[in-house]
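Peer 1: What follows is the residue order along each chain.
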Amino acid sequence: MSTAADDTLRTADGVPLKTSLRRATARRRVRTFLLVVPILAFLMVTFVFPVVDMMFRSVDNQIVSSVLPRTTLAIQSWDPGSEELPPEFVYEALVLDIQESFKDKTLGRAGRRLNYEKSGVMSLFRKSGRRAKRITEAPFKDQVLAIDERWADLETWQLIHQESSALTESYFLSAADLRVDYKGEISWKAEERRIYLFLFYRTLWMSGLITVFCLLLGYPIAFLLATLPPRHSNLLLILVLLPFWTSLLVRTTAWIALLQSEGVLNDLMVFLGFISDDGRLQMIHNKIGTFVAMTHILLPFMILPLYSVMKTIPSSYMRAARSLGASPFTSFVRVYMPNTVPGIGAGCILVFILSIGYYITPALVGGRTGTFISNIIALHISETLNWGLAAALGVILLALVLLLYFLYDRIVGVANMKLG
Amino acid sequence: MPPPLHATHSERAWYYSFRTLCVLIFIFLIGPIFVIIPLSFNVLPYFTFTPEMLSFDPAGYSTKWYREFFAEDSWQKAVQNSFLIAVFATLISTFLGTLAALGLSRPEMPFRKTIMALLISPMIVPLIISAAGMYFFYARIGLASTHVGVILAHAALGIPFVIITVTATLVGFDHSLTRAAASLGSSPTRTFFVVIVPLILPGVISGALLAFITSFDEVVVVLFVGSVEQRTIPWKMFSGIREEIRPTILAVATLLVFISIVLLTMVELLRRRSERLRGIRS
Chain A
597 MSTAADDTLR TADGVPLKTS LRRATARRRV RTFLLVVPIL AFLMVTFVFP
647 VVDMMFRSVD NQIVSSVLPR TTLAIQSWDP GSEELPPEFV YEALVLDIQE
697 SFKDKTLGRA GRRLNYEKSG VMSLFRKSGR RAKRITEAPF KDQVLAIDER
747 WADLETWQLI HQESSALTES YFLSAADLRV DYKGEISWKA EERRIYLFLF
797 YRTLWMSGLI TVFCLLLGYP IAFLLATLPP RHSNLLLILV LLPFWTSLLV
847 RTTAWIALLQ SEGVLNDLMV FLGFISDDGR LQMIHNKIGT FVAMTHILLP
897 FMILPLYSVM KTIPSSYMRA ARSLGASPFT SFVRVYMPNT VPGIGAGCIL
947 VFILSIGYYI TPALVGGRTG TFISNIIALH ISETLNWGLA AALGVILLAL
997 VLLLYFLYDR IVGVANMKLG
Chain B
-12 MPPPLHATHS ERAWYYSFRT LCVLIFIFLI GPIFVIIPLS FNVLPYFTFT
38 PEMLSFDPAG YSTKWYREFF AEDSWQKAVQ NSFLIAVFAT LISTFLGTLA
88 ALGLSRPEMP FRKTIMALLI SPMIVPLIIS AAGMYFFYAR IGLASTHVGV
138 ILAHAALGIP FVIITVTATL VGFDHSLTRA AASLGSSPTR TFFVVIVPLI
188 LPGVISGALL AFITSFDEVV VVLFVGSVEQ RTIPWKMFSG IREEIRPTIL
238 AVATLLVFIS IVLLTMVELL RRRSERLRGI RS
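Chains as they are written, first to last, in the working numbering: chain A, 597 to 1016; chain B, -12 to 269.
Next up, chain A with everything else stripped away, as it sits in the complex (with noise of 0.2 Å):
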């Protein structure tokens, strides 16, 4: 007679069949991951770390304390919301870490970085640092002053006080078109100042229009590519493959020579008498150059996800539809259509999530009307060097294109993804 545990199917060497079965396969799990460990390790160091710690820049505001690190921490015993300049013992601080941070030349950083709060302060910390070196002994107060009224004004001090804190959200604010007060009262900013919200909505319009652009001109040109016999939609896929290919900034360049005043299309439609020659059209440099460019450059993407559905599709359902006595439209629109709309989703996501984030294209023929959010992160990297705004207005921006990217996955795949 043998007990229950007998009966398990045992290996040669007495191991229940299922416990080696687990081994195994955990072994070959292990082993198939080992396959993908160099290039996450690859990924993080290149690409995920850097992105993710310019990210924190958003919200890192360790300038003003390390520049002026006596003057902060003396600041904290002082109430903002009192009606009285800091005491004696602050100034003292302040004109120590002005005159240390003149020399080692970081004041400048500091000014700059209050300055993105309160324009006017940059000025005052440059005559500071340059008058300060005089200052010895007390009274500090009474003498710092005397280099400028603007440290008598309660504003300033304010906002050395708000800006000491390792942590700020205000590059956030800012980059929704709101400031912060030393209340921690949160407002809009000055009417001209708003520009941000703005640029976001601008965007998000404009890749919106580019995408039904791109559907449009592209549906046709699927739908023709689907039902061609194979040997003829080879030879055309490939003319949609082209473009595909050609660089970004041949496109760029192509549409430049056509759209200009003195460009290919006005100097053909002066030839022809539609306009007259001082008449000629502003195609560039404005909304309709990125419009035209950029439907250009993103029409593939919308063809191919298309082309890749509707191939699925067998003919005989709109020959079906067609027996029973639909007419050839209505077959189309309660038949065809609605088995291309996975293709519809896949196309006008991956062409949204791209237009969003483009700079090229706009910084070349967006001209002031037609740019983009990126184009002004990458002045605020470049040129204005506001690095903390900079990564606040990417972090907007990339929330919104990973919740895109999440929502493709969830309905399309990412592993479903094809270029031609």
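Just so you know, these hints were derived from the structure itself, not from any lab.
Glycine included, every Cβ here is placed at the ideal spot set by N, Cα and C.
Heads up, a few of these hints could be off.
In silico lysine to aspartate or glutamate, EDC-like type, Cα no more than 20 Å apart, as pairs [unchecked claim]:
1. A:K907 to B:E255
2. A:K723 to A:E679
3. A:K907 to B:E262
4. B:K100 to A:D1005
5. A:K614 to B:E95
Residues of chain B clear of chain A, computed beta-carbon distances all greater than 10 Å [claimed, not checked]:
6. E59
7. D60
8. L78
9. S163
10. T176
11. V207
12. S214
13. R263
Stretch-level coverage of chain A by chain B, calculated; a stretch enters the list once three of its residues show a Cβ under 8 Å from a Cβ in chain B [said to hold, decoys possible]:
14. 810 to 818
15. 967 to 977
Starting from the known structure of chain A, arrange chain B on it as the hints suggest.
Peer 2: Relative to the frame of chain A, chain B by itself:
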């Protein structure tokens, strides 16, 4: 293929208007790319057709912009840089990407979807964000303004293309082939080189070519991570368009179009070969 004989008048009208619409869209797609080719032979520094060009007067045409491109040191340096960076970036992303794609195509791969989404993300994250992140981080570890830095950055950007292409080749890959090889006494290494490599090679080469063109065409990351020493062709074109627009750019653009045509032809031939090998009939 003309409309069928039994088509009604309205069907015929619809058929021809649809075809016309498609032709117009194809002109929109391809036209701009081919317009720049004749323009690059303009003798005058304009970006449009001159009357001499339209009357096919040989005096209206010239190859001087091409000569300028080949004579100018900064352009030649840019060509060298572009090839150097693209080749090394391609090698890295193809090697890592193929290895990963082999893993991802196996059913026992843990966290498959998450890993896939992560590996595709360099294509999705706006370039300006990647470029800015790399700019700050590479500067801190001493890779900014070096060829190595740009190569690593471009390798990261090329990875999604290799992954997408090679995993697509591996879809429908018959895993019983490797088991059959093993049962016939082949070692895993031998199986890899004799059975797997010939089957996935077309996909790997296509992925490599896409990674190559991605790096060869990339400008945002080079602008941020690189410096004058790493100046590539797209960099020169970008600054050329922004600052002083000369027809030399059109000559370069024409040469780039030919490179694209060559690469695309190679990929198409490979794709057909791969489909034939795997027994897929179109």
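Peer 1: Confirm or reject each hint.
Peer 2: Status of the hints after comparison with the structure:
no.	hint	result
1	A:K907 to B:E255	18 Å, holds
2	A:K723 to A:E679	25 Å, violated
3	A:K907 to B:E262	16 Å, holds
4	B:K100 to A:D1005	9 Å, holds
5	A:K614 to B:E95	17 Å, holds
6	E59	18 Å, holds
7	D60	21 Å, holds
8	L78	13 Å, holds
9	S163	16 Å, holds
10	T176	14 Å, holds
11	V207	6 Å, violated
12	S214	13 Å, holds
13	R263	13 Å, holds
14	810 to 818	holds (count 3)
15	967 to 977	holds (count 4)
Hints 2, 11 from the list above are not met by this structure, while the remaining hints are.
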